[in-house]
Structure formats: C-alpha cells, structure tokens
Amino acid sequence: TLTMEELHARLFHIAPATIRDMLAKGMVEGVKLDPLHETMGQCESCEYAKATRKPIGKVREPKRREKFGDEVHTDLWGPSPTQ
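Residue numbers (UniProt numbering): 1 to 83.
The reader is advised that the hints may include incorrect statements.
[To be verified] Cβ pair distances, simulated, as ranges: (1) 9 / 51: 53 to 63 Å; (2) 50 / 3: 51 to 61 Å; (3) 52 / 26: 19 to 29 Å; (4) 77 / 14: 32 to 42 Å; (5) 6 / 71: 24 to 34 Å; (6) 46 / 83: 45 to 55 Å; (7) 83 / 11: 48 to 58 Å; (8) 66 / 41: 48 to 58 Å.
Just so you know, the hints here were simulated from the structure itself, not pulled from any lab data. All residues carry an ideal CB built from backbone N, CA and C; glycine is no exception.
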C-alpha cells in the first residue's frame, strides 16, 4: 500500500490522474493506493523541472547605434597574466 506521493515519485512523476486511471484499469499489479492518501500536494521536483526562464524581449535594448563610430568598445587592460 502506497500513498499517491510515493506512487507519483516511483512512476517517474506522472500526473496523479494518470496513476488513478492506471490503477483502475489494472495496468499496475501488486500496488494498492492508500485510501487515506489518495490526493497529493504540490511536488517540489515537478515544480522545479517545469520552471522556465523569462522570454527574450522583442524590443532591442538599448537602441541600435545609427552610424559607425557612435559606440566603441575597447580593451584597456590588455593581456591578462596567466601565472
């Protein structure tokens, strides 16, 4: 007898509704769901895995320079010592 959270983790974090369907259809043998723990809260691993970074904006920031030489980048320090 396992809780929904234990089954969720053992079945590679599939959706709880899918676990219930699999149990109802007899697709999982030798496993019983604990009737006191048929629901589960948020899975921290699933939340972390589904987190995404912010999308790249469509507007260029800062505005592109108009003509050659408006902005210059130089290396003032020179080669860095390696030892």
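Hints and how they fare:
1. Taken as a hint, the range 53 to 63 Å is violated for the pair residue 9 and residue 51, whose Cβ atoms sit roughly 18 Å apart.
2. The beta-carbon spacing between residue 50 and residue 3, approximately 22 Å, falls outside the hinted interval of 51 to 61 Å.
3. For residue 52 paired with residue 26, a C-beta distance near 37 Å fails the hint of 19 to 29 Å.
4. Taking 32 to 42 Å as the suggested C-beta distance range, the pair residue 77 and residue 14 does not conform, at roughly 54 Å.
5. Our hint of 24 to 34 Å for residue 6 and residue 71 is violated, since their Cβ atoms are close to 58 Å apart.
6. Between residue 46 and residue 83 the beta carbon distance is about 48 Å. The supplied range of 45 to 55 Å therefore holds.
7. Take residue 83 and residue 11: their Cβ atoms lie about 54 Å apart, and the range 48 to 58 Å holds.
8. Distance hint check for residue 66 and residue 41: the Cβ-Cβ separation is about 55 Å, which falls inside the suggested range of 48 to 58 Å.
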